[in-house]
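Participant: Sequence:
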Amino acid sequence: MTTSLNPIFPKTVIIVAGATASGKTALGIALAQFFNTGVLSADSRQCYREMTIGTAKPTVEEQQAAPHYFINTHAVHDDVNAAVYEQYGLQVLEKLFQQSDVAVVCGGTGLYIKALLEGIDEMPGVDETIKADVAAQYHTHGKEWLQQQLIQHDPLFASRGEMENPARMQRALTFVLSTGQSLLSYHAGKPKPRSFNVIKLAIEMDREVLYQRINHRVDLMMQAGLLEEARALYPQRSLKPLQTVGYSELFEYFDGDCTLDFAVDKIKQHTRNYAKRQLTWFRKDPEYSWINAADTAGVIKAVTARL
RNA sequence: GGGCAGAUACUCAAGUGGCCAACGAGGGCAGACUGUAAAUCUGCUAGCUUACGCUUUCGGAGGUUCGAAUCCUUCUCUGCCCA
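Here the first sequence stands for residues 7 to 313, numbered as in this note's numbering.
Derived by calculation from the structure, the hints in this document are not laboratory data.
The beta carbon of each residue, even a glycine, is placed where N, CA and C say it ideally should be.
What you were told as hints is all true, and nothing was included just to trick you.
Restraint ranges, calculated between C-beta atoms of paired labels, are given here:
1) F15 x S254: 38 to 48 Å
2) H193 x V66: 34 to 44 Å
3) D291 x F15: 16 to 26 Å
4) E134 x Q39: 39 to 49 Å
5) Q187 x D139: 13 to 23 Å
6) Q104 x V66: 23 to 33 Å
7) Q229 x Q158: 52 to 62 Å
8) A300 x E150: 43 to 53 Å
9) H193 x Q158: 13 to 23 Å
Turn these sequences into a full structure, and let the hints steer you where they fit.
Facilitator: Following this line, the structure appears as structure tokens:
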């Protein structure tokens, strides 16, 4: 569990991961303060200025307690993805390492953390026209059409890819039609070298307790004005960042498809589902040390011992 | 008091003699994850078992039948209607 650090690298990144509502933000700040450094968020939604309440973004006070990065840095119409995050995050780490030997990365988006630590393989962009066309064809002809097209144009993906997953199939087909090559041929399957050590922490929490915290936090979000925040974003609902728990359910309420109480219950449920997916992601990585976030002093002590 | 309808697995809900451990949906659990990732997708979901398979289920108790969630009797409960 406790991987030894490579003494060649003087710098260390501390990852604070875990399910949503498990207490990552507070622990990340405590660590950042102790090591006199900043917090790089690893959250795919908190970077958007327009989404604050529903993303459980760190409060203004919390952001002042330690410098935060990748918070409020983008707008909902910006194109943010794991590759963008990798580049952005590496620059932040470089900056933080100028003043401290430690940087804290705090967030629950497993893919972003992976991109930061191991890199995303370089690959060419796709033709937006083809992308739109593939999406349109899929909507009219369905999953079977995607499967047939992939068998024809990208046999590699057809044999190894997720042939039941329309989102991944659309990406693969768009890619092969744009570049003439299989998306999978660009997957190196090996991490890019990084010149810092990594300590991976994930917050351990009883499932029952976690779910209670989630339910409670959703109620607090509603009290804080999530409904109004969502209403302001309603016209932009088709944007990718707005396909987010806490917003899409309220959009359905605005559509008149359900009651507000029903929507709120669904937000709680979908947040629980999301938390479970996060845990699945982090559990499969054996490098994570599962820690008790409430014991801040104990965590700091354990981390210090490993540096 | 009388009449009618109903009681199925965590929930809703199909099934009206054998192909039923029981369609489907929801929920839950587990998993996958390289440019949408708070997204998208997969599997399992009575118990034991890696599996084959075995055991106990369809409100309770009896009965008919080679065989019942399905038919009969009765009891309990729920809803509606007439008093």
